[in-house]
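Chains C and R, in that order, are what the protein sequence lines are. Number 178 in my numbering belongs to position 178 of the first sequence; there are no gaps in the numbering. Add 1000 to a position in the second sequence, counting from 1, and you land on the number used in my numbering.
Be aware that one or more of the hints could be misleading.
As the list claims (entries may be wrong) - Derived DSSO-like pairs (lysine-lysine); straight-line CA-CA distance at most 27 Å:
no.: 1; chain 1: C; residue 1: K253; chain 2: R; residue 2: K1386
no.: 2; chain 1: C; residue 1: K289; chain 2: C; residue 2: K219
no.: 3; chain 1: R; residue 1: K1194; chain 2: R; residue 2: K1291
no.: 4; chain 1: C; residue 1: K294; chain 2: R; residue 2: K1400
no.: 5; chain 1: C; residue 1: K173; chain 2: R; residue 2: K1039
no.: 6; chain 1: R; residue 1: K1420; chain 2: R; residue 2: K1400
no.: 7; chain 1: C; residue 1: K87; chain 2: C; residue 2: K98
no.: 8; chain 1: C; residue 1: K209; chain 2: R; residue 2: K1468
no.: 9; chain 1: R; residue 1: K1386; chain 2: C; residue 2: K206
no.: 10; chain 1: C; residue 1: K294; chain 2: C; residue 2: K178
no.: 11; chain 1: R; residue 1: K1430; chain 2: R; residue 2: K1308
no.: 12; chain 1: R; residue 1: K1039; chain 2: R; residue 2: K1072
no.: 13; chain 1: R; residue 1: K1039; chain 2: C; residue 2: K98
no.: 14; chain 1: C; residue 1: K299; chain 2: C; residue 2: K253
no.: 15; chain 1: C; residue 1: K289; chain 2: R; residue 2: K1146
no.: 16; chain 1: C; residue 1: K176; chain 2: C; residue 2: K98
no.: 17; chain 1: C; residue 1: K176; chain 2: R; residue 2: K1386
no.: 18; chain 1: R; residue 1: K1386; chain 2: C; residue 2: K299
no.: 19; chain 1: R; residue 1: K1432; chain 2: R; residue 2: K1386
no.: 20; chain 1: C; residue 1: K299; chain 2: C; residue 2: K123
no.: 21; chain 1: R; residue 1: K1133; chain 2: R; residue 2: K1062
no.: 22; chain 1: R; residue 1: K1373; chain 2: C; residue 2: K206
no.: 23; chain 1: R; residue 1: K1373; chain 2: C; residue 2: K209
no.: 24; chain 1: C; residue 1: K202; chain 2: C; residue 2: K138
no.: 25; chain 1: C; residue 1: K178; chain 2: R; residue 2: K1386
no.: 26; chain 1: C; residue 1: K209; chain 2: C; residue 2: K253
no.: 27; chain 1: R; residue 1: K1430; chain 2: C; residue 2: K202
no.: 28; chain 1: R; residue 1: K1146; chain 2: C; residue 2: K178
no.: 29; chain 1: C; residue 1: K241; chain 2: C; residue 2: K209
What the hints assert, rightly or not - Just a few of them, taken from the derived set where beta-carbon distance is under 10 Å, the chain C residues facing chain R:
no.: 30; residue: F46
no.: 31; residue: L83
no.: 32; residue: Y84
no.: 33; residue: D99
no.: 34; residue: Y160
no.: 35; residue: S161
no.: 36; residue: S208
no.: 37; residue: I278
no.: 38; residue: L279
No lab work stands behind these hints, which were simulated from the structure alone. The beta carbon of each residue, even a glycine, is placed where N, CA and C say it ideally should be.
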Amino acid sequence: MEGEELTEQETALYDRQIRVWGADAQRRLTRAAILVYGINGAVAEFCKNIVLAGVGSLTLVDDRGVTEEALSANFLIPPDETLYEGKSLAELCSDSLKDFNPMVRVSAERGDISGFSGDFYSKFDVVVVSCCTLTTKKLINDKCRRLSKRVAFYSADCRYSSGEIFVDLHSYKYTKNKLDEAIECELQYPSFEEATAVSWSKLPRKMSKLYFAMRVIEKFEEKEGRSPGGVSITDLPAVLKLKNELCEAQSLKESQIPDALLERLVSSQIEFPPVCAILGGVLGQEVIKAISGKGDPLKNFFLFDAFDGKGVIEDISSRDA
Amino acid sequence: MASQQQLSAVKIDMDTIEVSNLNRQFLFRRSHVGLSKAKVARDAVLRFRPNINITPYHANVKDPDFNVDFFKKFNVVLNGLDNLDARRHVNRLCLAADVPLVESGTTGFLGQVTVHLKGKTECYECQPKPAPKTYPVCTITSTPSKFVHCIVWAKDLLFAKLFGDTTQDNDLNVRSSDAAGSSENSKDVFERRKDEDIEDYGRRIFDHVFGYNIEMALSNEDTWKNRNRPRPIYSKDALPEKSIKQNGSVEKNGSTDDPSSVSAMASLGMRSPQDVWSLMENSKVFLEALKLFFTTREKEIGSLSFDKDDQLAVEFVTAAANIRASSFGIPLHSLFEAKGIAGNIVHAVATTNAVIAGLIVIEAIKVLQNDTKNYRMTYCLEYPTKNMLLMPVEPFEPNKSCYVCSETPLSLEINTYQSKLRDFVEKIVKAKLGMHSPIIMHGSALLYEVGDDLEEDMVANYAANLEKVLSELPSPVTGGTMLTVEDMQQELVCNVNIKHREEFDEEKEPDGMVLVGWSQPSSTEKKEENHRVSDVGTSNSSRPIAELNEDAEISTMEETDVVPTKKRKLSTASKNATSPSSSKVPADTDNHGKVEEIDDDDDDDDVVVMLDGNPDNTKTRRVVTSKNLCV
């Protein structure tokens, strides 16, 4: 394919990964622009992975300041407090990330991007969001879908020792090599809103319980006007009550969402670092696949629970009756 | 791991940092290239977690200082090694010290994390791991059929002959029909004559190995009865024009002070390592690389060994392998590909390593908390199986016939009248049994041992023994003899029963001996629910954790991308195992595993997936649902 050759420096640095996905894919990576909105521990890990992989640029947005919770799971934040003065989380992380691979353009921006125009989003190939409300998530997802350019959308949420990744590649065409033959594949992805609107009773019996639990807590946060991740153990009775209401409304057996699971998810507001590494790793790999056009992309939810150690993929799309 | 509460750790790594590490070993920066991994990693971690205690050792984990007493100091050992030999060594030390071991490996998108506890779970060696691939000598010297054979020839024979230690044995002129009488000539042929023009010399070598040797091989009809005949290639045909002095002058290649920047490709104006060169281009590179070795690196000739990071060596080996491949009708490869094969490069990415690292920490924390029921072997798959990308499996019980953790005797079939003690030591004791400092005894007679404090006459005695055939040893070893082999550092004792056998198949059994008795586990009882780990010291989180890395790039089994395989039949609680096939011993695939699905309840919907991996075919999958996994 045409385009610039990889430089000698790039070939040397990326040698081991070029042996995995090829020089062509690497070239595409070096031209990709990534936007990240909201930096939690998992997303910090993701940023590290994607910078090491050698993308073209990474833009971070997160106006929050440093908190204790953030420090315990986000290894990009320098422990030296004197550096925090006047800097947003995004700016601090951006400074750290530049160090990992000087060939990647890492920068930070400020503002509530959910209000930004389509023009802003069209500068990017991939958008990753975390630590945002349900409303914001849907809004940004929607903005990405409205663009004529395909902008891949991902969300990553980590609640204590569990996590969830959502993938939306809209209408995605890619080539697969099967037994030396190149096959054209096409996948249709639903938006987050569409996917989560699928009636629970229609989902397979073996559906990951974590999926439902995440939806309950998400709903709770929205209902109570909480900031993302702002649910704590004291809220548990109210959360369980909401769970029962939702199960009834959705004709789902209450035991499909164990109380113990919900309790565990709200028991701590600190992310468990190894879970951040796992989510950040899977997310990183998905983004690399989407940019390079190589490999079967995940469709459309990935759920991990350290408690049982399973990393599960669920395909939740709207099904017509 | 550093985010957890007060802990102290020890990190052992003998490696220094290279540029190619930087795409995933994120504690290192470009400015650290050349420095000790253990030390730089420690510094990097302290920068974001200043309050923990890490002691780095820039050392080889096989060093005798890291003995059983050393290992006993730790609550848990985490391995991030890149070779089987070191892993086995650590496995044995952890068994001897009774310290839990968390093993792991990655290759590309695949990876796994496993937990090993003495007496409770399988040890790392309960399942035979595929050993690094070796090839029969005749395949390399006479009848290559794959590109890798050509690489091995170019690297271990031709390169070694021309640039390496000439006192070493070299099979380069071994021909299928006649091995005798050529050693005199070969020495003359490969040596450059006094004042011989370098290009003439290069062409002479070219013609000898790609022309003359092939013609000689062709003269033996039998070899080619069922094989494609190679064609001899002469330099006058591959590269007709004698090269005019190109812009290959030494200055063009950068400073003569830096041998590593000298490059035939650069000299010839060839840019991309991804290109597959034509026969002519390969021939040009061959001659140019040879010339550059003699004109810019003459001092090193006679002591060079192949190093994948030596650009000129890689160019030479690529070119030589390609010309040979061309001769034998084998597809040619790019320098990039050849380098990967010759250098045994493991492809690796940051993302898989991050996932595996997270899983290692999760298991390590379980170990520290003595959460024995919840230890898991976790497999990271490239393609989801039954919608699982990360698949946890309960650890299996120890293999009762594992010679490492269950003290089962082994048997060795060998020709006791022809094989020497040296063969036994090199091929069995060191290569197969993985012992580094063995002591070999026949009853009370010491046949051989390794040690620093041996007396001169003992050393001489052992040296003499090595050269004797087994049946002629001072304490003769014949059929029915039992030898005891021991490694003091690993605290491992093995009994080997000797069985005399006359003949061995040269291709299938190139070692001329076969170790048996290390069998697959047969039906074993289900893991008991009520196991408690006996308290080995207290699981006090302030005690140190050892983290061992020979290369922070952790890699899995050297040759196959196959995830360790097992099948488990649930209700009758019997287990079958298949081992990934190695190059020599055919896999003992005994697929009795029956598929059984238990109806799921409202909870406890855990799925355990076993893979039947055979690198030669596509994987077949069996799925079993289990109620025994924890919720």
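Consistency of the hints with the structure:
no. : hint               : in the structure
1   : C:K253 to R:K1386  : holds (23 Å)
2   : C:K289 to C:K219   : violated (31 Å)
3   : R:K1194 to R:K1291 : holds (15 Å)
4   : C:K294 to R:K1400  : violated (44 Å)
5   : C:K173 to R:K1039  : violated (46 Å)
6   : R:K1420 to R:K1400 : violated (31 Å)
7   : C:K87 to C:K98     : holds (16 Å)
8   : C:K209 to R:K1468  : violated (68 Å)
9   : R:K1386 to C:K206  : holds (11 Å)
10  : C:K294 to C:K178   : holds (12 Å)
11  : R:K1430 to R:K1308 : holds (25 Å)
12  : R:K1039 to R:K1072 : holds (23 Å)
13  : R:K1039 to C:K98   : holds (22 Å)
14  : C:K299 to C:K253   : holds (26 Å)
15  : C:K289 to R:K1146  : violated (31 Å)
16  : C:K176 to C:K98    : violated (34 Å)
17  : C:K176 to R:K1386  : holds (20 Å)
18  : R:K1386 to C:K299  : holds (14 Å)
19  : R:K1432 to R:K1386 : violated (37 Å)
20  : C:K299 to C:K123   : holds (24 Å)
21  : R:K1133 to R:K1062 : holds (22 Å)
22  : R:K1373 to C:K206  : holds (24 Å)
23  : R:K1373 to C:K209  : holds (22 Å)
24  : C:K202 to C:K138   : holds (22 Å)
25  : C:K178 to R:K1386  : holds (20 Å)
26  : C:K209 to C:K253   : holds (11 Å)
27  : R:K1430 to C:K202  : violated (60 Å)
28  : R:K1146 to C:K178  : holds (22 Å)
29  : C:K241 to C:K209   : holds (17 Å)
30  : F46                : holds (9 Å)
31  : L83                : violated (12 Å)
32  : Y84                : violated (14 Å)
33  : D99                : holds (7 Å)
34  : Y160               : violated (13 Å)
35  : S161               : holds (9 Å)
36  : S208               : holds (9 Å)
37  : I278               : holds (4 Å)
38  : L279               : holds (8 Å)
Checked against the numbered hints listed earlier, the structure breaks hints 2, 4, 5, 6, 8, 15, 16, 19, 27, 31, 32, 34; every other hint is satisfied.
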